Amino acid sequence: MLIGIIAAVVAALAYGTASVLQAHGAQSVAEPTTGDDGPGASHAPTLRSTITAMLTVSFLAGMALDGFGFVGNLIAARELPLFLAQPIVSANLVVTAVLAALFLHVRLRTVDRIAIGVVVVALVVLGLVSADEGHGHDGTWLHWTVLVLGAALIGGGLAMLQLPGARVAVVAGLLAGIVFGVMAVAVRIVHGLDPFSPGELLTDPAAYAVVVCGVGGFYLFTVALQTGSVNGAAAALVVGETVVPGAVGIALLGDATRSGWMPVAVIAFIAAVAGAVIVASSPAVPQG
4 MLIGIIAAVV
14 AALAYGTASV
24 LQAHGAQSVA
34 EPTTGDDGPG
44 ASHAPTLRST
54 ITAMLTVSFL
64 AGMALDGFGF
74 VGNLIAAREL
84 PLFLAQPIVS
94 ANLVVTAVLA
104 ALFLHVRLRT
114 VDRIAIGVVV
124 VALVVLGLVS
134 ADEGHGHDGT
144 WLHWTVLVLG
154 AALIGGGLAM
164 LQLPGARVAV
174 VAGLLAGIVF
184 GVMAVAVRIV
194 HGLDPFSPGE
204 LLTDPAAYAV
214 VVCGVGGFYL
224 FTVALQTGSV
234 NGAAAALVVG
244 ETVVPGAVGI
254 ALLGDATRSG
264 WMPVAVIAFI
274 AAVAGAVIVA
284 SSPAVPQG
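Going by our numbering, the first residue of the sequence shown is number 4, and it counts up by one from there.
Don't read these hints as lab results, they were simulated from the structure. Treat the hints with care, as some may be off.
Unchecked claim - Cβ-Cβ distance ranges computed for the label pairs, FRET-style:
1. I54 - L131: 43 to 49 Å
2. P266 - I54: 45 to 51 Å
3. M163 - L63: 23 to 29 Å
4. L58 - A134: 43 to 49 Å
5. A155 - L105: 38 to 44 Å
6. M265 - P198: 19 to 25 Å
7. A134 - M163: 35 to 41 Å
Small disclaimer: the values here were computed from a predicted structure and weren't measured. From the three backbone atoms N, C-alpha and C, an ideal C-beta is built for every residue, glycine too.
Input sequences plus hints: build the corresponding full structure.
Right, here's the structure in full:
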């Protein structure tokens, strides 16, 4: 379990730093919104503008850090119960807020400081009450489900993002979070990693779900950063990428707490997610 916790912390540190760099790159090439809806109307950006954002220096630096974070996330999802792994990774928002306060001279509100403390305490409690990752039901249907569901969510998200509206960023962030949550489940169940077997890995639908959800979720979140406030997008992302895999891990994969500690784990999980959402809504999370 220690290796998984270290990997999750590394992922949070890498993702938190990358978010600042990516938000700057995405917003630096955001297209002005004018036309029938008037100035300030929110529309989904074009594919060209999204690709342009991905090619900025700051965004590329963020992507490099995302690579480290992704590896840490993969290890954490394999080694820890998902209701512990995902909240730790989502604590990258705390990292972002703290970095902004230290290096960008952004003032943390009192509620931000309290929320950060709540997240840290909740994660410590989750670590203390968690048992090893489960080895529950792992039928073939679940391997196909994560692939089909991930692709459907991405396709539906791309269609929804063509609709104008001020909540496009939140919708994109939530969908990206759910897609990342599906990816975490796929990482847990994929065959051919331990022991390593290329043939088994390449024939497992869950392996392709990891790739599809990773790329699709990354694109959707990039759209969210371009379209509106990174705060709202990040808050929605937290909910999607923690609640979904945490619930699936308990319901289907056998993730469990130490005997008799489930109520405490539920409270700590809710506190960790709520604290991360509050931090995501803070002015301390840079707008780019």
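Each hint tested on the structure:
no. : hint                    : result
1   : I54 - L131: 43 to 49 Å  : 44 Å, holds
2   : P266 - I54: 45 to 51 Å  : 47 Å, holds
3   : M163 - L63: 23 to 29 Å  : 28 Å, holds
4   : L58 - A134: 43 to 49 Å  : 44 Å, holds
5   : A155 - L105: 38 to 44 Å : 41 Å, holds
6   : M265 - P198: 19 to 25 Å : 32 Å, violated
7   : A134 - M163: 35 to 41 Å : 38 Å, holds
In the structure shown, a violation is registered for the earlier hint numbered 6 alone.
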